[in-house]
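Engineer: One line per chain: the protein sequences are A and B, in this order. Quick note on numbering: the first sequence equals residues 1 to 643 in the UniProt record's numbering. Quick note on numbering: the second sequence equals residues 1 to 643 in the UniProt record's numbering.
Hints were generated in silico from the structure; no laboratory data involved.
Calculated pairs, SDA-like style, for lysine to any residue (alpha carbon to alpha carbon, straight line, at most 25 Å):
hint, chain 1, residue 1, chain 2, residue 2
1, B, Lys145, A, Thr283
2, B, Lys395, A, Val75
3, A, Lys68, B, Asn505
4, A, Lys489, A, Leu560
Number of protein chains: 2
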Amino acid sequence: MKLFLHLFFFFFCFLQAAVSIAPLQSTHPFDPLTKQEITLIQTIILNKYPTKRNHVKFHYVGLDDPDKATVLEWVSTGAPTTRNAFVIAIINSQVHELTINLRSSRLLSDNIHTGNGFPTLTVDEQSDALQLPFKHRPFVESIKKRGLNLSEVVCSGFTVGWYGETQSSKRVLRIECFMKEETANIYVRPINGITIVADLEQMEIIEYHDNAVEPVPKAENTEYRASHLKPPWGNWKFHIGYDVRAGVIISTASIYDPEVHKSRSVLYRGYISELFVPYQDPTEEWYYKTFFDAGEFGFGQSVVSLEPFNDCPPHAQFLDSYVVGRDGTPQLLHNAICVFEQYGGISWRHTETGIPNQEIREVRSDVTLIVRSVVTVGNYDNVLDWEFKTSGSIKPTISLSGMLEIKAVDITHKDEIKGDQHGTLVSENSIGVYHDHYYIYHLDFDIDGVDNSFVKTNMKTVEVNDQSSKRKSYWTTSSEVVKTESDAKIKLGFSPSELAVVNPNKKTSTGNEVGYRLVPNAAAHPLLTDDDFPQTRGAFTNYNVWVTPYNRTEKWAGGLYVDQSHGDDTLAVWTKQQRGIENKDIVLWYVVGIHHVPCQEDFPIMPLLSTGFELRPTNFFERNPVLKTLSPGIVKGPGCKKP
Amino acid sequence: MKLFLHLFFFFFCFLQAAVSIAPLQSTHPFDPLTKQEITLIQTIILNKYPTKRNHVKFHYVGLDDPDKATVLEWVSTGAPTTRNAFVIAIINSQVHELTINLRSSRLLSDNIHTGNGFPTLTVDEQSDALQLPFKHRPFVESIKKRGLNLSEVVCSGFTVGWYGETQSSKRVLRIECFMKEETANIYVRPINGITIVADLEQMEIIEYHDNAVEPVPKAENTEYRASHLKPPWGNWKFHIGYDVRAGVIISTASIYDPEVHKSRSVLYRGYISELFVPYQDPTEEWYYKTFFDAGEFGFGQSVVSLEPFNDCPPHAQFLDSYVVGRDGTPQLLHNAICVFEQYGGISWRHTETGIPNQEIREVRSDVTLIVRSVVTVGNYDNVLDWEFKTSGSIKPTISLSGMLEIKAVDITHKDEIKGDQHGTLVSENSIGVYHDHYYIYHLDFDIDGVDNSFVKTNMKTVEVNDQSSKRKSYWTTSSEVVKTESDAKIKLGFSPSELAVVNPNKKTSTGNEVGYRLVPNAAAHPLLTDDDFPQTRGAFTNYNVWVTPYNRTEKWAGGLYVDQSHGDDTLAVWTKQQRGIENKDIVLWYVVGIHHVPCQEDFPIMPLLSTGFELRPTNFFERNPVLKTLSPGIVKGPGCKKP
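Take the sequences, apply the hints, and build the full model.
Structural biologist: Below, the structure is given as structure tokens:
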């Protein structure tokens, strides 16, 4: 019974990491019910309510949590806790709550629930209900009327919610049916237009309407079982560049489309254009600390050599680069970039239990490609990843490590603090000063061609006031093609929307514009006043998202000359031109921000703090592009046999 | 020259995944400058400006991006592009922008920049400037006055920004110095109180003040080189439970604190309390689809068997569990949960180039422990991970896969759409209906003991109006201990704050309350009206964060009986009691929401869409708890020799 164990996680010097699942002397108070305990519960309840005279259904059987105090006592001393079970059963159509002492095998309580709502449905009653339509003549006729083959129909059950009905309700299930003909993917082949409601207690259909005949969507391209598919390739093609200012640059990235048998362009260029780090201490020794790490110190110039095995896993490949000395001499930077595959995730999966006599489980494990570099500007280390997924997603990740900037103070305990110290006392005499990190990505999309548009799809509430629905509201979307760079300035987090770059000249077979969308992380907004000098220079942080027409010279969001700049050559200035961005070559700029309130764990060197975002294909492909791919084989590491 | 290559990423049926770094016939137009090209550039510029008569410094040497049209032409036909370099050099104190044709070895242009701002600093001039203080008598005296050893001092350079000065500025660098005595971690041992400004052109100190003597923070506990540390253990201890309604439950999680040599409690219980999935189609066949997957169908009851190698990597360990049939009989669920280690990340790192004659690079690779289960409710598959990091972080991740719910329509192309179809035409006759996924986590923290408080730390702008600083603004924090559950209801994303659960009865040696903070992802807010029936039942989504006093029976955010519930037993109702939550046993509830606008890639089965959050120690430890740990050894997989 592996589950009923403690799990210890440890690693030890020079030994390899190891998971140890070790048995305990005694069971944990939160151990799930054992097989024997479940059988005991069943016996006790059926002893009181013999099935000869009673109709008994177990809806919930679980542990009745012991009191916290006793659990904590067990944790520290091993003192035994109570071990009770809590059961919700429907007995003769009444909802019973029963508590059982598992040590004494005694029924402690048996109360009848009379309030609103019903217990979790049993799997068995759902299965039974889903057979009802096949014996219901009107349903058989509806199927016949549609010209469908009843033996290829399979049904599924849906809970019904509550819409203000005041009469006492019955336990019911709505049933919808699907075609399993030519595909295991029943959900995409609904037989719509039929309403079926089953009473779960009487186990009979109590409502049936055939309202309208809608075509059943075709089976073509819906199959997902590997045994029914021919695996194609999944394939990214991109260039990894390097620049002494930008660091790593991803260029001309395109992905192979298995449907059209060609590579399609996605990202012309992607790189971090600037990193703005304003500290938040206005005093004489600190006020000026408002750094632009890319423009002032050179992100590429600050790339450091990676350490094999530790910065990148053992199977990584490394790339070198050249930096340039003050006198113009090239200097080799060894292991500047590494590239490796990452495993352990899932690409897609589904377990299907809804088709009688067939259990289907299809799982594709994931393999992604990561391009990593580390930029160390003085005290901070920025770990910068570009992850490419076979599904078409690109996921950039930023992780912070290295040291805090520390201010020395004559304070050793928080109680001595008087006035604002502009940071956290992270150690004796050491204030970790408040600051922000704003990374701005230059993302020059070329979605299936150069001319693209930026589309903002807003979600908005629609109120239903005309009794046309039992619902009072729902949400829908309205899409807006953004016309100019002025309208494309967006502060994220205040209203729900999806942001996409699309190619209005290329459509899918069903007429959607092909595109990629930005899946952002939690947004940070600047807290400096607009007219403050650092904010003027870092005005590209005023919005999280910007879109500009492509201009070969607009590369650096903080300006070409940033050291002591006056903020007259920033993205915020360029976009005052109100240039058109519809169906044009456009660049999306995205700001990833972190407000950093230091804590003691960041001292004397901080464990990685990570954030990132996703560029995800959205109607770019006709369908899931990795539907037909198989899981990668087990990777044979150096010195390994295949397991 | 590996860097100057295309990188192809592919995987193929039955073959193991492989990265192929393959040479191209021709170089890519975005290939970084080669060593030979950099030397050529140096030669051309120094030919025009011989160093005998000129002072030349190279501040930027990079590729002058070819026109996009020519790059794209190269991508499709291989037609050659121009290959120019762009150089920013300071020649005799003037900033020159030079363009060079690398094919013809010709200088194409040479313009002088006269605007604001200066180029990226060279590494060499920074190094030179950092030696200046040691020859500056007042600095030597300042060090002596502080009783410090000059041979243990090391300096670092900082750009100065711009604060509205109108006279033409000089290229300057501010210099701060640090003690390297007894530690390589110079940044945490600043010698504060001294202002040093160096002119980078004249290479001399032009401003020097010794304002105040502050103690230099001690070296103790700041060292990070493995060679100077004794590695301790990193160790999580927790219980993995299972419940037919909740699925996986993490209990009594504690982490070993290497400073105090004992395990300290963090999380008493954590699990997903409910999953609310309202669809957004008000029509007769769809309006009722507002599911509560945990309460109506049972999250644990819907856990599916994991597939070794694909759902979990080859080295995973599996745990079984029992579900209960309608008749009360236990039924074995094989491979319900898996546990595995994940590699490839970095735990912490730093490269130190600031200490003369010493290069330091310390990198600890990461190993984390993941507990995974998959809950498949009908069409959707939810991949649910709990990740435990040695640094003390817990990172829950939710990933969606499986099938969309599809509505059949008599439409095959977007152009035929009339009116709101409440979804996306993801394939012929198939609307993927708009919906939300709201997961609510029950997180019963016991931070170093049972009685905890919930602290909201707000970041707020402070304007400087009194000329006390050259800054006009900065931000600071104000922390608020939240008194009652009513005040703890928080909609995330609208104002910057950090949310933490702390133990007000346990403080670090510097007086900070020990705690854990919530690092949220982008927040989703409900779009249904408050009075709509589904929203009343799912009112626990009205806020992203809630805090309640611990109550053994308040386990299910949507109520104990959810099927056809009226919303009278939800978290939103309980918290109307305005119970106190200060220095009490408290539970934090966190809602992870996704608004799902389907796209064609989600059809016929969707690639994983992931989101998650982090529970991160914040002043819980005295310092970085993995400072002294070493990287785990290379893992020897089954059938492998150690590489």
